Amino acid sequence: MKTTPLPAIVSAAGEAPLFKPGDTVIISSRFPVGHYRVPRYIRGKKCVIEAVIEPRALNNEEEGFGRNAGQRRHYYRVAIPLTDLWPGYAGAAADGLRIEVYETWLEVAK
Amino acid sequence: MTHTNDHTPITVPDGAPGYYEVMETAMRELLAEKGLIQPAEIRRQIEVLDSRGPQLGAKVVARAWSDPGFRERLLANGRAACEELGISFYDDTGLIVLENTEQVHNLIVCTLCSCYPRPVLGLPPDWYKQKPYRARAVKEPRSVLGEFGTIISPDVEVRVSDSTSQLRYLVLPLRPVGTEDWSDDELASLVTRDAMIGVCTIEAQERKVQ
Amino acid sequence: MTPSEELVRHLPNDIGGLPADRIDCMDHELLPWEKRCHALADVLDYHKILNTEEKRRGVEALGSEMIGRLSYYERWIVAFANILFQKQILTPEELALKMDEVAARHAREAEA
Numbered sequence: 001m002k003t004t005p006l007p008a009i010v011s012a013a014g015e016a017p018l019f020k021p022g023d024t025v026i027i028s029s030r031f032p033v034g035h036y037r038v039p040r041y042i043r044g045k046k047c048v049i050e051a052v053i054e055p056r057a058l059n060n061e062e063e064g065f066g067r068n069a070g071q072r073r074h075y076y077r078v079a080i081p082l083t084d085l086w087p088g089y090a091g092a093a094a095d096g097l098r099i100e101v102y103e104t105w106l107e108v109a110k
Numbered sequence: 001m002t003h004t005n006d007h008t009p010i011t012v013p014d015g016a017p018g019y020y021e022v023m024e025t026a027m028r029e030l031l032a033e034k035g036l037i038q039p040a041e042i043r044r045q046i047e048v049l050d051s052r053g054p055q056l057g058a059k060v061v062a063r064a065w066s067d068p069g070f071r072e073r074l075l076a077n078g079r080a081a082c083e084e085l086g087i088s089f090y091d092d093t094g095l096i097v098l099e100n101t102e103q104v105h106n107l108i109v110c111t112l113c114s115c116y117p118r119p120v121l122g123l124p125p126d127w128y129k130q131k132p133y134r135a136r137a138v139k140e141p142r143s144v145l146g147e148f149g150t151i152i153s154p155d156v157e158v159r160v161s162d163s164t165s166q167l168r169y170l171v172l173p174l175r176p177v178g179t180e181d182w183s184d185d186e187l188a189s190l191v192t193r194d195a196m197i198g199v200c201t202i203e204a205q206e207r208k209v210q
Numbered sequence: 001m002t003p004s005e006e007l008v009r010h011l012p013n014d015i016g017g018l019p020a021d022r023i024d025c026m027d028h029e030l031l032p033w034e035k036r037c038h039a040l041a042d043v044l045d046y047h048k049i050l051n052t053e054e055k056r057r058g059v060e061a062l063g064s065e066m067i068g069r070l071s072y073y074e075r076w077i078v079a080f081a082n083i084l085f086q087k088q089i090l091t092p093e094e095l096a097l098k099m100d101e102v103a104a105r106h107a108r109e110a111e112a
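Residue numbers (the working numbering), protein chains in the order written: chain A, 1 to 110; chain B, 1 to 210; chain C, 1 to 112.
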């Protein structure tokens, strides 16, 4: 279980998670050339952080080009209602998606 | 066949191998000749893969049903709890176990490729890796479930988990009614691969008369 | 007609939410070469000669036509070849010559 750092402690860049469970964030709307691991159907969508995944990990989009070491950041398991993803969704209003997204793909919701 | 220190060649069955099999054999032999891999490593990994199947997941589910402490640990850290039962993970993936309840029914998919909890379920079925399931599970899960003969009540939330990172998922199905005094082995015999993917549920049981 | 940039920006494997057919509950027992191919992927990943994400990217890079026509493990083995060439671990010539050798060996064994 992660605890809050002491007040005097400064963590490294990217070490502490930017978001916590319950935060509302937005999945970025950028469109990389070629390889990505964030599906199109969730781009630009608002989501709620369900969990911070530990431990930190490599950016899988960079791993895809052979990067096997380097800076690690957090993935987050996020929740999106299916009604937000699919206009006219015919199932139950409570039905939802959970998906993991890397920290560099998430932005604070304004 | 070229031999390295371990002299047992990897056997190939009768019948002319196709283009891709020839490619696989050639690539493996070249990599071994260059010392980048050993034939023994391939043989060992085949044994690792063959040792994994839904019977492992079924053991995990049965224990979770009968042992509340284990269930709690399983839901907190899926991989660690599996390792408690002697199910090692041969890769760097983590495992999140998704508990079905009276309010939530879970379903797992990998829309981008075919991520699947291989260390604990073995290799995925073809349908899991193909377009119809991958495209539709996140958009019309109830219709997909219906094609497997599974109807989930509208007042139960269907929750679809799409694997995209180093985490894998396993569904912990609802324990069926009528199994209250069953042994772990009897419970495990009820648990199917499809129930641990979430496309099926496990029906209520009548206690068998011995 | 969809702009060509959609081909660049939308990967062929990114199919979540696209229209699709009924599920065909097919499954097959892996052929021995397919299982060896899967084992090879795992061993290459252990050594980080070719990691699992590289394999995924390599399969995407085959493009929609090949993805549509090659089977699951056929896509893997071709992707491995491309990546190993890119990394200068194998050359196309080496692999082609070895493939000829393997095919000839099988032909001789079949006649024997």
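Bear in mind the hints are in silico, worked out from the structure with no lab data behind them.
Note that the structure is predicted; figures quoted are calculated from it, not measured.
For glycine and all other residues, C-beta sits at the position ideal for the given N, C-alpha and C.
Keep in mind that the hints are not guaranteed to be accurate.
[Said to hold, decoys possible] To spell it out: a stretch of chain A is covered by chain C in this simulated footprint if at least three of its residues, at any positions, have a beta carbon under 8 Å from a beta carbon of chain C; those stretches are:
| id | segment |
| --- | --- |
| 1 | 26 to 36 |
| 2 | 64 to 76 |
[Stated by the list, open to error] Below 30 Å or equal to it, Euclidean Cα-Cα: the simulated DSSO-like pairs (lysine-lysine) are:
| id | chain 1 | residue 1 | chain 2 | residue 2 |
| --- | --- | --- | --- | --- |
| 3 | A | 46 | A | 110 |
| 4 | C | 98 | B | 59 |
| 5 | B | 34 | C | 98 |
| 6 | B | 34 | A | 46 |
| 7 | A | 45 | B | 131 |
| 8 | B | 34 | A | 45 |
| 9 | C | 35 | C | 55 |
| 10 | C | 87 | C | 48 |
| 11 | B | 131 | C | 98 |
| 12 | C | 55 | B | 131 |
| 13 | A | 45 | A | 20 |
Problem - Earlier hints that do not hold, by number - result: 4, 6, 8 and 11
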